[in-house]
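Dock chain X with the ligands against chain G, hints included.
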Amino acid sequence: METELKNKVQKGLVITIRDLYKSFGDNHVLQGINLDVFSKENVVVLGRSGTGKSVLIKIVCGLLKPDKGLVNVLGNEVDHLKDKQLRELRQKVGFSFQNSALYDSMTVRENLAFPLVRNAKHLSRQEIKKEIESVLDDVGLLQTINQMPSELSGGQRKRIGIARTLILRPQIMLYDEPTSGLDPITSIEINNLINLVRQKFNTTSIIITHDLTCAKSTGDKIAMLYDGKFIKQGTFDEVFSENDERIQNFYKYNFIK
Amino acid sequence: MNFKTSEKILITKKADLFFAGLYSAFQFIIRFFKEAFVPPYEFKEIIKQCYEVGYKSLGLITLTGFITGLVFTKQSRPSLSEFGAQSWLPSLVAIAIIRALAPLVTALICAGKVGSNIGAELGSMKVTEQIDAMEVSAVNPFKYLVVSRVLATTLMMPLLMCYTGCVAMLGAFLNVHLNELTSFISFFEAAFDKISFLDIFSSLIKSIAYGFTIGIVGCYKGFNATNGTEGVGKAANASVVLSMFLIFIEEILIVQLTNSIR
Ligand SMILES: Nc1ncnc2c1ncn2[C@@H]1O[C@H](COP(=O)(O)OP(=O)(O)OP(=O)(O)O)[C@@H](O)[C@H]1O
Ligand SMILES: [Mg+2]
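If you read the protein sequences in the order shown, they are chains G and X. In the working numbering, each residue carries its 1-based index in the first sequence increased by 13. In the working numbering, each residue carries its 1-based index in the second sequence increased by 3.
Next comes chain G alone, as it looks inside the complex:
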């Protein structure tokens, strides 16, 4: 397996997850997850509410510790890193939260400046200002720059959240339900944004969702999470042509309602 892994790294393997287990007390959330994510790939993780999708990517960025298993991100074993190394890795990994998690005591501008001034110390005031404006322009929300998060709509908050992670120019983006709770048109805008981000910044992404439109338009590879395991991985058509009841149900309910 060592050599197999090495070969894959040369082919541009960015995230490797092997045999990952995570429980909270008696709640066995993840039970043997395996996943490979290659450079510039968009991987979509599909699954019902409460299956542990958020837990999975929180482990990838080191917010939660796995009980067992290997999580390798850009050549680093995440749960063995020291604080300082973890912080270095996190400059390269962006995480957009399910609930956006904007700092609500700060304006949009300060929200974006917050990670930037602390991580890119060489930048001048002018450059920081330019950077903030350019990334806000990318998400199409330049006009909100002086507003407080409480004055924004849900979709706008999502996009500001994405902008805040983009500002460090990460190599990897982790999106936690970028389109949940949004109307279809705003969802499509977000999907387009995710694709734009990949094109423009060459990012590798893991996208968590239960929205099939989002999965179809952004994912190169779909992984279906069920009972703590991936029951199927492949392209959208591959996954949903499977004659598995668990997958077909997911498909049916998504489009019937």
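Keep in mind that a hint or two might mislead.
[Said to hold, decoys possible] DSS-like cross-link-like pairs, simulated, lysine-lysine; straight-line CA separation at most 27 Å:
1. G/213 - G/229
2. G/213 - G/105
3. X/16 - G/78
4. X/47 - G/134
5. X/47 - G/142
6. G/97 - X/47
7. X/116 - G/143
8. X/11 - G/78
9. X/16 - X/237
10. G/95 - X/237
11. G/78 - X/17
12. X/51 - X/237
13. X/37 - G/97
14. X/197 - X/116
15. G/134 - X/37
16. G/213 - G/142
17. G/81 - X/11
18. X/47 - G/143
19. G/234 - G/105
20. G/78 - X/37
21. G/53 - G/24
22. X/47 - X/37
23. X/51 - G/142
24. G/134 - X/51
[As the list claims (entries may be wrong)] Output of the computed footprint for chain G on chain X, the stretches with three or more beta carbons under 8 Å from beta carbons of chain G:
25. 138 to 144
26. 151 to 161
Source of the hints: derived by calculation from the structure; they are not laboratory data. Note that the Cβ used here is the ideal one computed from N, Cα and C, for glycine as well.
Then chain X with the ligands, alone, in the frame of chain G:
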């Protein structure tokens, strides 16, 4: 702080939880000292917090300090006059205010106002994942949120205590002046006659300890808040209750210590 409570029960479940909590609180304090003195420093945030702690409690402290001084003097007069010892009033009041009242009143007011504020603010940041968001954007939330707040309360509390002491003495003076027509100068001469350096010094030490307690308890409770909005309320509440409790414990300890030196 992530401490893992082991599945096996060692003493009783409650005692286990208590000791696990104590251990994690201890780790929290250790972490504060580790991170407070290593760069990068969040100067801007520290100054902002000093402003929040100091300036914003000033109104309340002025009022309570003044009333404390005034009322204490008024209530002490009858028992002194029984012995015909009103002339001791200024020094009695000064000792009470400087040794005990000023540090305690300031600390209790701040525990209520500042401690609950810190607990609620950090608690809501915790449950809405804003602290996690700082963490993943490669910023150290402990340094930004905890160190700055604890330093601010620790630095501001002695200053506020001095201020409370002055205001309370003014309140006392007002009462004495109205009743005995004592002049400003003779009142304060009499008042400070019995005050030693040790009194002032121990009060300063006290208020530094109280300030640290208020800050660290508020941050600890906020940083470890769980269970959504309910947890925020609990964090705010627990910050106040626990810091007040600890303040009285510290009061006893420091008084014992200074009395043994005196
Ligand atoms: N910090 C935690 N402590 C205890 N249990 C947790 C914690 N985080 C998650 N869980 C549990 O793990 C399970 C999976 O949670 P998770 O948030 O990953 O679900 P999800 O797949 O993201 O769902 P959704 O689509 O609703 O966001 C849930 O049962 C939850 O109760
Ligand atoms: Mg989730």
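Evaluated hints:
no., hint, verdict
1, G/213 - G/229, "holds, 20 Å"
2, G/213 - G/105, "holds, 16 Å"
3, X/16 - G/78, "holds, 24 Å"
4, X/47 - G/134, "holds, 15 Å"
5, X/47 - G/142, "holds, 19 Å"
6, G/97 - X/47, "holds, 23 Å"
7, X/116 - G/143, "violated, 40 Å"
8, X/11 - G/78, "holds, 20 Å"
9, X/16 - X/237, "holds, 21 Å"
10, G/95 - X/237, "violated, 32 Å"
11, G/78 - X/17, "holds, 26 Å"
12, X/51 - X/237, "holds, 26 Å"
13, X/37 - G/97, "holds, 14 Å"
14, X/197 - X/116, "violated, 33 Å"
15, G/134 - X/37, "holds, 23 Å"
16, G/213 - G/142, "holds, 20 Å"
17, G/81 - X/11, "holds, 20 Å"
18, X/47 - G/143, "holds, 22 Å"
19, G/234 - G/105, "holds, 22 Å"
20, G/78 - X/37, "holds, 23 Å"
21, G/53 - G/24, "holds, 12 Å"
22, X/47 - X/37, "holds, 20 Å"
23, X/51 - G/142, "holds, 22 Å"
24, G/134 - X/51, "holds, 21 Å"
25, 138 to 144, "holds (count 6)"
26, 151 to 161, "violated (count 0)"
Of the numbered hints given earlier, the model fails hints 7, 10, 14, 26; all others are met.
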